[in-house]
Structure formats: structure tokens, C-alpha cells
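Protein chains in written order, with numbering that gives the first Met the number 0: chain A, 0 to 280; chain B, 0 to 322.
Incorrect hints may appear among the rest.
[As the list claims (entries may be wrong)] Distance condition first, Cα-Cα at most 20 Å in a straight line; then the derived EDC-like pairs of lysine to aspartate or glutamate: (1) B:Lys-239 x B:Asp-314; (2) B:Lys-136 x A:Asp-14; (3) B:Lys-136 x A:Asp-270.
Think of the hints as simulated: they come from the structure by calculation, not from any bench.
What follows is the residue order along each chain.
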Amino acid sequence: MVSKKTSPRRSRGPDVSVVLAFVALAAILAAVVLGDVITRYGATTPILGARLQPPSLAHFFGTDNFARDVFDRAIVGARTSIIIGLGTAIVSSVLGGACGILVAVWRGLDNFVMRILDGFIAFPPIILAILIIATFGGGYWQVIFALSVVFFPRIARVTRGVSLGVTSAPFVEAVKVMGGPRWRAAVRHVMPNTIGPIAVQATYVMARAIVIDAGLSFLGLSVPPPTPSWGNMLGEGRLYITQAWWLTIAPGLCIAVTAMAVNIIGDWLRDKSDVITGGKR
Amino acid sequence: MASRQNSITRYLAYRVTAVIPVIVVIGLLTFTLSRLAPGNPIELMLGDGASQQQVAELEAQWGLRGSLGSQLWHWCANMLHGNFGKSIFFDAPVGHVIVQHIWPTLSISGLALVIMIAIGIPLGLIAGHRRDTVQDKFLMSLSFLGMSLPEFWVGMVLVLIFAVHLGLLPVSGYVAPDVSLSGWLHSILLPGIALAVDQLALVARIVRDSVISTSEEPWVTSLYARGLKPRTILFRHQLKSSLVAAITVIGNAFAGFITAAVVVEIVFNIPGFGWLITQAAQRRDYPLLQGAVLLAAVSYVVVNLLVDMLYAAIDPRIRDAGA
Chain A
0 MVSKKTSPRR SRGPDVSVVL AFVALAAILA AVVLGDVITR YGATTPILGA RLQPPSLAHF
60 FGTDNFARDV FDRAIVGART SIIIGLGTAI VSSVLGGACG ILVAVWRGLD NFVMRILDGF
120 IAFPPIILAI LIIATFGGGY WQVIFALSVV FFPRIARVTR GVSLGVTSAP FVEAVKVMGG
180 PRWRAAVRHV MPNTIGPIAV QATYVMARAI VIDAGLSFLG LSVPPPTPSW GNMLGEGRLY
240 ITQAWWLTIA PGLCIAVTAM AVNIIGDWLR DKSDVITGGK R
Chain B
0 MASRQNSITR YLAYRVTAVI PVIVVIGLLT FTLSRLAPGN PIELMLGDGA SQQQVAELEA
60 QWGLRGSLGS QLWHWCANML HGNFGKSIFF DAPVGHVIVQ HIWPTLSISG LALVIMIAIG
120 IPLGLIAGHR RDTVQDKFLM SLSFLGMSLP EFWVGMVLVL IFAVHLGLLP VSGYVAPDVS
180 LSGWLHSILL PGIALAVDQL ALVARIVRDS VISTSEEPWV TSLYARGLKP RTILFRHQLK
240 SSLVAAITVI GNAFAGFITA AVVVEIVFNI PGFGWLITQA AQRRDYPLLQ GAVLLAAVSY
300 VVVNLLVDML YAAIDPRIRD AGA
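Just chain A, same shape as in the assembly (with noise of 0.2 Å):
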């Protein structure tokens, strides 16, 4: 998705962003983690007297319509984008890192696969969401099927190319001219080499993820209200926007924070196996 390409000459030393990008993530995963020690009013708990406050000491992200604290419905939101982001990375790259290494090894089954994979990324990724959830209703497992279907075919496209180019190097030729099985070649040979690439488009589905949830969130289509969420947050804070200007920032900065975190530490694991590889993808 991001592609970055720097002079040779430039030394790489330990990017700044980088640095801050983990220390976003490992704050917003202690919010996950310690969620419930962290927060002082409770996500759900309204607080007398103290409807649409602009943010303060007492709250720092102001209080929303219901009189909650906003900075608690934050910290326990990030639960559910973490869950879904992480959710749809492990699932969407299992999928379709199996569907890329069996298409590159048996060859025959290469364009029948590859063709109903084109069929799935035709569809705008929201709109298939959408389609989905329409069909099985909303909650963590159904919102990550939902996306693993949009993102696997994605992981499949490029994890079938790094196979491919697995496959036709001499030592895997070898295994071949050696009589070993073909599934041998695919977990021994094929599959370690992949894991790598993987592991970047995982990064940047994770982003993805959480942001087109967040979307369908505010649309009312993915983890049903009670449960705070950020995209939730913002679809109620619409409805103050004239108001309470803080209902739209503060969910939105923890979305956006998020997601250029994951993004940034996605270009960062790509920079490294482009080191390891040679520079080669």
C-alpha cells in the first residue's frame, strides 16, 4: 500500500516516528490490557450533572450527551478496534497466506483460484463488509469474518508472487528433482520465506481494518452500542457536532493515532526484510 523509496546513500538510522509509533502502540495495548484499572468513571456509568463538558482535568476528553466520561469510553473503545484489527490480520493472513502458497506449489490450481480472488477484490472493500454483515448481523466474529473476506485475497495476491519466486529457485528445484513431496516443499521451503511478507501486509490490513470498522461503527453495522467503540463514539457525537466539538476530535485522534502507528510500523518491518532479501520483494 505505502511505498517509500529512499536514496541508497541515506543512512538508516532509528527513525524517530518509528520510535514514537511503538510507544502509541504499546500505550494503546496497556489500554486494552489495563482497561479497567485506568478508567475512573466507567465507560458506561453516566455522571450526575455533568452532561456535554468540555474536556478538563476532571475529564479529559470532555463528557458526552449521556453525561459518560469520554476519556473512559476511549480507553475501553480501544478494545474493540484492537480486538477487530488484530482479529482480521490473523485470520485474513493465515487464509490467505495458505491460498498463496497452494496456488504457487500446485500449479494446476493457480488461475481457477486466483480468478475467484479477482472476483472478491472487485468489490469495493466497505461494500462487501457491508453485504456481509448485512447477511450474518454484527459482533466481533462477524465483523472479522467480514474483513478476513475482504483482506485474504489481498494477503493471497502477494504471498502467491514471493512463492512463486521461491518455487523456481535452484534449492527448491532440488527437493523436487530429489523425489521429495510437493507439501514438503510448500511447508519446509515455501512457507518460511513467505512469513516475512506477511507479516508487513498483516500490518497494513490491521490499519485497514480498523478504520473501515470504525466506518461501519459509525454506521451502526459492527459491534452493537452498549459496547463502546470508537467509530460508535463519533456516529453519536454527529449528532452534537454544533455542540460539543470534543465528541468528534477525541474518538477520530485515537482512530487516526491508531492507525498511523500500525501503518508506520508496518513501512518499518517492510524496510527491514527489504535488508534481509537484498532489497528485493
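Dock chain B against the given chain A, drawing on the hints supplied.
Just chain B now, with coordinates in the frame of chain A:
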């Protein structure tokens, strides 16, 4: 000349036939998903007080009787005739409802396309030309930001700044151009910018990469050797080859705009295609949802086919590789 014509024809034939299996998969996937949906569409259409005969008539009409195979046959026949069924919520033919709601989406996407090209390409040229300078790093960080932000949130922030705080533009709503031209422009400006941000960032990055890679090529070096001004080389010559790279992004931009429009239209309360899909999903209006999804996917394939053809017409290397 004859062989050139020949290679174009062969390339076109190859690309067009490659589209057929993709469309078949799109159709099968939509059919399967719409059949997996809970609840019988006929009951949804008629409500509770329907007689057996009414149900039977509609089932026959929509091909919901018989084996799954014959149902699929009926469904395909209906789709190919442009017969997408009747929207439950709007109580009108699906095709008709979609056509009614397509113009607002085309308006904001068209504006977004203009913004994307008018701003993205110059930014990419500047960043690529001044590679690794402060300007380049600033522009590329900005582009990174643009690609990570959810478009609908960009829209909400624009509303906060330009509508709520400065009061320059309306908070939401859509005005048709035949009602008021200036009202139309006012109503599509913010959503158009929101849609453009992500794709603009991508175009800038691709043009930058293209400028960087061409500046190392012999033909650019030779232009420098002939004493042409760097500005002329950049805007006359390197721009041309970056445009070829940028064209591929336009096909993707189409999918990007539709995806972004789904949520952006809700933010701005614009009754467009994205708004329609959301309504259909929220109200479980399966015939409408199915028709809209099919249309979105098929038009994505067609747009990409057109982009590929344009690409082949411009760059002879592509059609030779494809044929």
C-alpha cells in the same frame, strides 16, 4: 502500423475475456450471500398478512421456487435483464431507486477526482524533484497522514472548522444543481475534499516515486546534458511518464471513492449511493442491497478495464506484454 493495430486488438480481447470469470464470481458471491440472509425476502416484501396465493405468485416471479440450480438460473436471467427486483423500503424497482440516488455520489466523486489530480500530481512532482529535502519529507509525512486518516472523520473535522466554527459552508445536506448551482457547489465542496484526501495522498506518492525513478534514467540525463532547464524537464518530460503511473491509481480511486462515500454521505446527510447502501443494510432491504452491491462491483471491474485499455493505448510496453 498494421502490427501495432494487431497487438492492440489482441490485448483488448485478452483483457475483455479476463473480465468474464470475475463477473461470474461477483454474481455467484452476491447470490450466495443474499440467499444466506435470515428471513424469507417474500415475507419481508409482503408483510405478515399475505395470502398463500400472493406468496406463490411472487415466488414464481422472483424465481424462488424449485431447486437451488433453477433458482440461480432465474436469478441470472433477471440480473442480465436489468431486473433487480423491488426495493422493500422504497417500494419501487431497485434500478430506478439506484439511478435516483447516483447523482449526488457522482457529483462528490467527480469533484474529488478533480481535486486529486489538480493537487496530488503537482505535490508529487515537487516532492520527487526535491527528494530528501525538508519539503519532500514534510509533503510525504502529510501524505502518510492522509492515507491513515478515516475519510469520514476528515469530513467531520472539515464540518467543525468550515461550517460550525467559521460558518462558511452548510453543515450537511445536498442541493441538486438544477435547483441552485451555487448551492450545489457549496454542498459538495466539503464531502468532495473528504473523499479526495486519501487518494490524493496516494497519487502524490506514486508521482513522486515515478519522478525519482525516471530522474536516474539515461533519457533524462541526456536532456540535462542538452542544457534544458530542470523545470522544463520536470514539467514537460518527467510529468508525462508520471501521468502514465498516475492513471493506474484512477481505477483504484473509483473503489476508494465508493468506499469512502458510504460513510462520508452519512456524515453530510447526502442521499447518494453510499447512503442508499447503508439504508438498505440497516433496514434489511435485501433486493436493494443486492442490486447496489452488484452494480458497485461490476462498475469497478468495468472502470478498471477502461483504465487498463487507456494504459495500453498510452504505453506500448503494456500491450506487448499482455498479448
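Each hint tested on the structure:
For the hint pairing Lys-239 of chain B with Asp-314 of chain B, the CA-to-CA distance comes to about 11 Å; that is within 20 Å, so the pair holds. Simply put, Lys-136 of chain B and Asp-14 of chain A have alpha-carbon atoms about 13 Å apart, close enough for the 20 Å limit, and the pair holds. With a C-alpha separation of about 17 Å, the suggested pairing of Lys-136 of chain B with Asp-270 of chain A holds against the 20 Å cut-off.
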